[in-house]
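Undergrad: Single-letter residue listing:
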Amino acid sequence: MADYACDQTAGGAGTGADWANAFTTFAAAIAAATSPGDRIFFDEATYSLAAGTYTVPAGVEWHGSNDTANFPPQTTGTFTITNPNAGDDVAFVGGGKIFGMKWTANATGVCFITFGGDAVAIEVEDVVVDLSANANAGSGVIIGGSTANPNEWFRSRGLEVLWGHVGQGFVLSCPWRSDGDNWCAGATVPTVLFESFGAAAAIEARGTNLSAASGTLFANATAAHPIIRLTNPKLHASATVVAASSNVYDGAEVFIFDGSSGDVHVSMAHYNSLGSTVVSTAVHCATGDAGEPTGVSWFHNTTTLCSFVRPYYGPWMDAYHEPAGAITPSIEVLRSGSATAYTDGEIHGDFSYKGTSGSTLLTFVSDRKARLAAAANQASSALGTSEWTGEHGSLNWFGKLAPASSFTPAEAGYVSARVVITAPSLSLYSHPFVRGVN
Amino acid sequence: MPIVSSEVAVQIDLGHLWFVVEHHVDDAGVTREWRWTPTKSVDPEKFLAEHAAVLEERVVAEAERAKAEAEQRGAVTKLDTYLRTLPDETLKSDAGLTDEELAAFKEREAVRVARG
Numbered sequence: 001m002a003d004y005a006c007d008q009t010a011g012g013a014g015t016g017a018d019w020a021n022a023f024t025t026f027a028a029a030i031a032a033a034t035s036p037g038d039r040i041f042f043d044e045a046t047y048s049l050a051a052g053t054y055t056v057p058a059g060v061e062w063h064g065s066n067d068t069a070n071f072p073p074q075t076t077g078t079f080t081i082t083n084p085n086a087g088d089d090v091a092f093v094g095g096g097k098i099f100g101m102k103w104t105a106n107a108t109g110v111c112f113i114t115f116g117g118d119a120v121a122i123e124v125e126d127v128v129v130d131l132s133a134n135a136n137a138g139s140g141v142i143i144g145g146s147t148a149n150p151n152e153w154f155r156s157r158g159l160e161v162l163w164g165h166v167g168q169g170f171v172l173s174c175p176w177r178s179d180g181d182n183w184c185a186g187a188t189v190p191t192v193l194f195e196s197f198g199a200a201a202a203i204e205a206r207g208t209n210l211s212a213a214s215g216t217l218f219a220n221a222t223a224a225h226p227i228i229r230l231t232n233p234k235l236h237a238s239a240t241v242v243a244a245s246s247n248v249y250d251g252a253e254v255f256i257f258d259g260s261s262g263d264v265h266v267s268m269a270h271y272n273s274l275g276s277t278v279v280s281t282a283v284h285c286a287t288g289d290a291g292e293p294t295g296v297s298w299f300h301n302t303t304t305l306c307s308f309v310r311p312y313y314g315p316w317m318d319a320y321h322e323p324a325g326a327i328t329p330s331i332e333v334l335r336s337g338s339a340t341a342y343t344d345g346e347i348h349g350d351f352s353y354k355g356t357s358g359s360t361l362l363t364f365v366s367d368r369k370a371r372l373a374a375a376a377n378q379a380s381s382a383l384g385t386s387e388w389t390g391e392h393g394s395l396n397w398f399g400k401l402a403p404a405s406s407f408t409p410a411e412a413g414y415v416s417a418r419v420v421i422t423a424p425s426l427s428l429y430s431h432p433f434v435r436g437v438n
Numbered sequence: 001m002p003i004v005s006s007e008v009a010v011q012i013d014l015g016h017l018w019f020v021v022e023h024h025v026d027d028a029g030v031t032r033e034w035r036w037t038p039t040k041s042v043d044p045e046k047f048l049a050e051h052a053a054v055l056e057e058r059v060v061a062e063a064e065r066a067k068a069e070a071e072q073r074g075a076v077t078k079l080d081t082y083l084r085t086l087p088d089e090t091l092k093s094d095a096g097l098t099d100e101e102l103a104a105f106k107e108r109e110a111v112r113v114a115r116g
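Line order of the protein sequences matches chains A and B. Using my numbering, the first residue of the first sequence is number 1, and each one after it goes up by one. Using my numbering, the first residue of the second sequence is number 1, and each one after it goes up by one.
Extracted from the complex, chain B is given alone in its bound form (with noise of 0.2 Å):
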């Protein structure tokens, strides 16, 4: 999601620092901010193009996690199904858990329920 505009849209005078929210929009509409204080001695407008440049790197590296942790929950989801139906000499023999293990694991809430 590029930015695809960027502006200053506060900037007060704190004496020795200036107070700064900038606004940058994507493609998608959505404006994100970004607030610095930088010292008087730094032009504010010169810096959108760097933090938009870092956002964009931001949102990418956001959207990247989402996904990753959408296709994570996913395949927990179809496990927990699949390990539902095996039955518990199974689950001890192959995958070697302990009775209080398989008890532990039956005390969870989608496997009470699936297995009234």
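Only chain A is shown next, with the shape it has when bound in the complex (with noise of 0.2 Å):
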């Protein structure tokens, strides 16, 4: 474990012992620190470096400082790569973690920064990636390297993203853990967020700022099916999450959680190719149960690739159980605008609960239409427009999700229940509560 300084004016011996023998170029800095517990010490300089891949070999911190009177230093602070030809791209692999880099892509041609692609795991944290004054929209920024050799993942912290293009934005191929970043920090709003995606690509992000993203946020990936999770997200208030997938098989799968443009702390949502989940303020039920929502419904909506053989399916709901004798769980569902009943056919509820004496594995029941079965009515519900708010004038069926008869679960735990639409181009509100179970 050893500490290097790295400064282009320093004058002494350069051996990066500290700042005064500080190495005076980039190369020689990061070839010394190779060891796990090295870390360099960039000051706030400008560092232009040639195209090409940079390691930060596992272990190995990069730090950005503006303290050059103590070393270690003891404040944190930005050091600025450039690249000096038109078209230069710049990578950084390795199993490493810098800490307070600027990456400001050359103003010219086709430029990329890459993060990974060497199959081990990189992260960085007050990073900053300025591509503000590439106007060229085939620039971006890669995660993960191909997708051929993605690395094990991505983790950022505080990363800012400034883009130059709207044709610009990030191909990803690994996951991706991230913290408060902030992916369209400029002016510049691509026109999708996230391009494309490779067969390993999924993101976890928590407090990510998507205020300015006014575009798609994620492309209909191609041969992928990314699972991207956004918990407490700021969103823009015209964003479109998902682009239309023209293939089933295609199409991000996200979720936010608590997510929204502006002061709505109900919000949950999940899209896919199939379907999508948003929360409806405007439309809710009231059962009078114990520890129900209220004022919230879900509204269920499938595309037209959903179908009997491709379902969208739902998030699920919990519910904790102790074993007590028998339960019939049940989901209120709304349809609004007709009352004819949805059939087994077109809607189900599916029910999971620990079904096994000694064990925590689940067992599954639905109330979906047998194989092969013709197709019949859902259960009409007690409930109706005294427990339900915002619904149409006259035209209303309201259903009940059950299994067809009761169980019994073996062990304390959750009993889960979800929506699943099996036809294209139906909506449906929901009461996101498991009924009965307690």
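Any given hint might turn out to be false.
With a straight-line cut-off of 25 Å between C-alpha atoms, the simulated SDA-like cross-links for lysine to any residue are [stated by the list, open to error]:
| # | chain 1 | residue 1 | chain 2 | residue 2 |
| --- | --- | --- | --- | --- |
| 1 | B | LYS40 | A | PHE257 |
| 2 | A | LYS234 | B | LYS67 |
| 3 | B | LYS46 | B | GLU64 |
| 4 | B | LYS40 | A | ARG229 |
| 5 | B | LYS106 | B | LEU79 |
The hints are simulated quantities; they were obtained by calculation from the structure and are not laboratory data.
Build the complex from these two chains, which are given one at a time in their own frames, with help from the hints.
TA: The structure is reproduced here in structure tokens:
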């Protein structure tokens, strides 16, 4: 474990041992720091690097610092990387971590910055990717390297990205764990923020600032189906979360938890190429059950791609249950605008519970029509206009999704339920609560 | 394939959001959906042209990708046909295949069928 300094203006021995004797080139500094625990401190200068791949070895830290009075320095800062030629690309690989760096793309040509691509994980913190001076639509940010050789994962904290053309965006080929990033920090907003995904792509992001991202957030991935979870993001008022998909196997699957463009804290959303679930505050149900949510429902809608073969599965809901006899869980649903019941070939409920004594294993039941059976109307609910608010003035069907018979969980745990839709272009409200469990 | 007509087909009031489905019809008569959930501060009608332009770009890109993939498949098929005609010694000497690679190549269904 050693600490090294890098300052292009230093006039000492050039050993990197302290600021006075700092390395004066980027190359010399990164060549020295190769062992886990090694740290390089770069002063807040601009380093012009040739296009190419730069390795942050496993366990090695690169730091920007504004404190050249102390060594090791005591305050953080940012060093800047530029590339001299049009179209210069730069890649950072290895299993280390970069703190406090800014990459400013060359103003001309197709320029990419890549994080990863050598099958190991890389992390960045307080890093700025600045493409704002590069107005080339082909430029962008690659996370995870090539789809053939993605890194294990990419982790970022406080990453800011500024774009220079609406055609720019991310190409993601590995799992990305993100905390507190701003993926669209500048004035230019990509038409599609995430342009494409590799087969290993996934995102687990918390607190992402997407407030300026007014276009489409996630492309309909070709030959990939990334699971994307955004927890407490700030969204733009007119953003489209997932681009329409022309292929049933395409498309990102996106969960958004407590995210909105404003001060709305009830928002949950789920999108994929087959359908979506979003919160409605205009339509909701009050059953009087203890613990039920109030003032919100889930609005489900399916795309033209949804079918009995390829259903839209809504998010699971859970209700904790201590075994105490048989239960019949159910989900209250509403078709607003038509009094015609949906059939069990169009919608059904899936339910799971711990059905095996001495085991955590789940048992599944549903009220979907039996295989090869003709569809029949789903059961109507005893609830109606007295319990629901905001439904159509006269045309409504109030339904109840529930297994055909009661069951007895064998172990304490969660009884879960979800709405499943097996028909295209179908709309349905559900009360986001598993009734009949407690 | 330019988009020749666009309309807001579905607009549902979700309280804090709109649920919107737009229908964009291209000059081949294919209807393409654009689904989004803007906040209530947004007028969905004002975004029809913007979304139509994005869809047009996407349709062109999809067509180009399909064309390139078809050309690649055509080239691979022709190369396969040609390679089937070469003797094993040529594949080893000119293409540098090892015995194991040659054996793996011959395992391919098309080669097996062609060579009996």
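Undergrad: Against each hint, give a clear statement of whether it holds in the structure.
TA: Structure-based check of all given hints:
1. B:LYS40 x A:PHE257: Measuring from Cα to Cα gives roughly 19 Å; hence the hint holds.
2. A:LYS234 x B:LYS67: Between LYS234 (chain A) and LYS67 (chain B) the Cα gap is close to 39 Å, so the pair fails against 25 Å, i.e. violated.
3. B:LYS46 x B:GLU64: Roughly 29 Å between the alpha carbons, so the hint for LYS46 (chain B) and GLU64 (chain B) is violated.
4. B:LYS40 x A:ARG229: holds (24 Å)
5. B:LYS106 x B:LEU79: holds (14 Å)
In this structure, the hints that do not hold are numbers 2, 3, in rising order.
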